[in-house]
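**Student:** Based on the provided sequences and hints, a complete structural model is requested.
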Amino acid sequence: MPAVQDTIDRVKAIDVDQYKYGFETILEMEKAPKGLNEDVIRFISAKKDEPEWMLEWRLEAYRRWLTMQEPSWARVSYPKIDFNDLYYYAAPKMNEAPKSLDEVDPEILKAYEKLGIPLREQEILAGVEPKNRVAVDAVFDSVSVATTFKKELAEAGVIFCSISEAIREHPELVKKYLASVVPVSDNFYATLNSAVFTDGSFVYIPPGVRCPMELSTYFRINEKNTGQFERTLIIADKGSYVSYLEGCTAPQRDENQLHAAVVELVALDDAEIKYSTVQNWYPGDSEGKGGIYNFVTKRGDCRGKNSIITWTQVETGSAITWKYPSCILRGDGSRGEFYSIAVSNGRQQIDSGTKMIHLGKNTTSRIISKGISAGQSENTYRGLVSAHRKASGARNFTNCDSLLIGDRCGAHTVPYIESKNASAVFEHEATTSKISEDQLFYCMQRGLDEEEAVALIVNGFVKDVLQKLPMEFAVEAQKLISISLEGSVG
Amino acid sequence: MADVQKFKTAAETGLAERFSQARASLPGDAAARATAFARFTDSGLPHRRVEEWKYTDLRAAMREAAPLAGKLDDKAAAAAIAGATRFAEIDAVRIAIVNGHVAASASDLGALPAGVEITTLSQALAEGHPLLASLGAIPEAADNVAYALNAAFMTDGVVIRVAAGAKVEKPLHLRFVIDGEASATATRTLALVEEGASVTLIESHECADGVAHQPNDVLEIVARDDTKVEHLRIDAHGDAALALSTLTAYLGARVAFDTLNLVTGPALMRHQVYMTFAGDHTTGAVRGATMVTGRQHADTTLYVNHVAPHCESRELFKTVIDGDATGVFQGKIAVARTAQKTDGKMMSSAVLLSEGGTMNNKPELEIFADDVLCAHGATCGQLDDDLLFYLMARGIPRPEAEALLLESFLGETVEEAVGEENETMRETLMAPIRAWLSARG
Amino acid sequence: MLEIKNLVVEIEGKRILDGLNLSVNNGEVAAIMGPNGSGKSTLSYIVAGKEDYDILDGEVLLDGENILEMDPAERAVKGVFLAFQYPLEIPGVATMTFLKAALNAQRKARGETELTTPDFIKRVNAAADKLEIPREMLRRALNVGFSGGEKKRMEILQMALFQPRFCILDETDSGLDIDALRVVADGVNALRSPDRTFLVITHYQRLLEHIVPDTVHVMANGKVVKSGGKELAVELEANGYADYKAQEAA
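Protein chains in written order, with my numbering: chain A, 1 to 490; chain B, 491 to 931; chain C, 932 to 1181.
Please note that the accuracy of each hint is not assured.
Partial chain B-side listing against chain A, Cβ under 7 Å, derived [as the list claims (entries may be wrong)]:
#1 Arg827
#2 Thr848
#3 Met849
#4 Asn850
#5 Asn851
#6 Lys852
#7 Leu855
#8 Glu856
#9 Ile857
#10 Phe858
#11 Leu863
#12 Cys864
#13 Ala868
#14 Gly871
With a straight-line Cα cutoff of 16 Å, these simulated EDC-like cross-link-like pairs (lysine to aspartate or glutamate) come out [what the hints assert, rightly or not]:
#15 Lys305/A to Asp332/A
#16 Lys434/A to Asp861/B
#17 Lys835/B to Glu429/A
#18 Lys1157/C to Glu1168/C
#19 Lys981/C to Asp874/B
#20 Lys420/A to Glu845/B
Hint data in this document are derived by calculation from the structure and do not stem from the laboratory. Positions of the beta carbon are idealized from the N, C-alpha and C atoms, including for glycine.
**Tutor:** Right under this line is the structure:
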């Protein structure tokens, strides 16, 4: 049982608190004035050296946002957020945008090293098989500090850069696709994001190109009282393929911090996008103090025929998660997949799931969700599967399983299944149970202690989903899950 | 949303007028009625943005408030009852409720089986009958608009007490009929089944096609420890009716409770079931078969609440949708921290037969206890092509093959609800299913 | 007489039958043999009228009448009977109810009177006894919880009851032990008659030792590639399908 032994060792190595990414990097920062108004938006836009149309777009979003109300339907509760008590822009101070890593503040590079994300290509290259290479866009608070392997990707025709750079360098693509999946006024947080987003990643894969390596963005919130509003846009042109990974961490702080991202995916004819997330924002302490509010809108548009979008997520962090990565199955024969592991412990609250909107003919979707609740947490799966009148031959299979560890947590399942087409076939199944006493006994009889046995069984419970992650991520996610559940037994 | 609330629809205004006209003549505690009506006025008729009513926009469906039905004289009531056919072949104690009032002359109130006491609700309300204390056993229902409107308007119904230990052999048949012009009725029935007793309650709802009646019926069952209660209901309201119904079942320990609802009739139906497991080692089964066509809309909404440990709940719902009709199933199994060892299973299956049909399923689990086994499933789609092919390859023409498969699909609910020995009851319940299927072919 | 002329069939763009020709006379038992994937089961489904196939060309004639435009029930009325390789389970429909519905539907469509219940029960029981099917099984839902062998016997029972003119047995021997195989074969042999046609589809020669065919046809690549007498089956058993697969590869 090497994996389990490793988990146990790692857990032992960590102090009372299990969050190992809670360190803070001390840097000189440049911030926008606290609060939100049109001047702050002008400030952000100017900092980003944006064209006029982008500023207008942001202001328009801001005015819409002022008329909107915070959603209240999710099963999460938190004190009212004062949106004027936040910083909307915070960036490490530098005179000019760094042209190479040598110009990046060494403290930042150290921070990423500590997180296990090397940014120097030569370091990545050393001892790594070329096929396992991952290109990284590193977003630190409000700005992208580095993007690796840009040159090599460019040779394949792939554009991988920060969204700020894309707005300057590829305005035609940004104009065409930005907000084409998540409209500006889609929801409260998406609209806020549209007004104030500071950075994020942009990916364009040209027709027929299979992206030569995994792409990845690593988000780090460092600064206090700062909201992170990133915006990611990925376009897979006809017949192309890309696999994209997203990771995130934040320092341990007593205050709550807001993260409101928007991710848009567009898959044209016969294109495929795999989007994987390991979400490990600071979850707060065991009493529920601190932690990130993670209010995220992620949506993929299978715009072309036979296109495929797969969302895989491992959610272990954040005090509150409000997140529904969705697929609009517009192209005939398109396919959407959602694989999720959501682990909640302590006082965490997770309300997450997906939407599969079948619009085209012979569209298929698959949802596998595994929720694990421990401590005093609340874990809700909320999902929608719908077939519109024209979606003949649509197929969905949904499986939601929840596992409860201890009797002070909650596990909830709220699926909406709507069919307006007789030839659409939808199957949904959900179960809630606890870890079987028989399984536990069996493992313990074979010499595992209770915690090890639980870790083993939980890993079995989530295996279907873990297998959907790229290899290195899967190992990391498995360890993360075990650590997240540390202290939940007994 | 606040600004939307201020605007009152014709039906909302109408209900307020009807209430102010009727309140003086309605029996019982006027203050309680006013409180219930205030609950309605606070929220108005529910619409799509009210989560519980997401799929049934009552505000849009209810165009106007029909006048409260008037009480018929004995002769007219007898004539109205004569047209009622459901469960007629079952040997039962009949209680006729015509236009929202008990028709004593058409009922067997004088010849009740041993251990059964029945009082009319209007009388019980007027004299403040002590049994009424058992009403409202499930407080969650009180916030429901259909239930609140019923509490404000209820005219009559019956209060049934089945004495401790009584084994009532003959079913008690509540026979609801509405006659005459389009009108609204609000009935409330309480069945208190005392320790160790057993009883079968059957309920039929009938009114003419083409008349836009608005019945709102509530049946509250309180089953004390060690009881066995069976409830069978046929909703055969006419095709223009807008029917609201609520069943509450408050179950003690070691109870065996079963309910089945068959729906073919109304233009719009909302059937709500609140079932609370208050005592341990109880089993409760809620089943339903719904057949809709044309522009019909049928909504079944369940709230299954496990409070006590070691209970078992089973829910099985079948829906067949033809024409441009809509089926809705919402079912929530909630398990409180105290309800360890709960075993809950819920299944909703729907078959769409036509291009224009819609099915909305929302099965929910809300679990706070860790040592439980809960599951729900939902399917919707067409009839299985392979099965159809097999039957047709044996020479059975498509319409008959479909009918055969649909009959077994829907019939499973009857099969489970009624024991094999009770052939007459099974046939009685299968009759509306077969009739609907043959009318279709 | 059953005639299949130049039948070309695809499913999702994949050619399954590719110009198949076959004719079986009244009273004849024709065996269809061939490697897996040669299109044998597709042939049986096409004759019985299953949808999901694209028929690009050809005809299936019963006594000279093309049946390809008919739905499965109409074909059954014409006397087509397919004993399924995997008989379906139909929960909630009692076997007796099903048999009666099917038999009477066929009789009605042919303009015959429906059977009275006692007459019907007598016939079913007689057929069941011959096939060693316990009466209790007839009361259960059709094929639900039946073993593989029981399902196959139930297929033959239906054949005996409906008295079809064109019988297609699709891999009826699969999943049968030797005793069940004998019972099933006896049931089939009892039905052989000068005006009944059989198409026996099988991968192995084993079944043909019990149901001795008049003709044997070998299918490969969606066509009949060789026809002969019963000795052809024996030859195949000895040499296998390797020769025919080689042809495919070529």
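**Student:** So which of those numbered hints doesn't the model satisfy?
**Tutor:** Violated hints: none; all satisfied.
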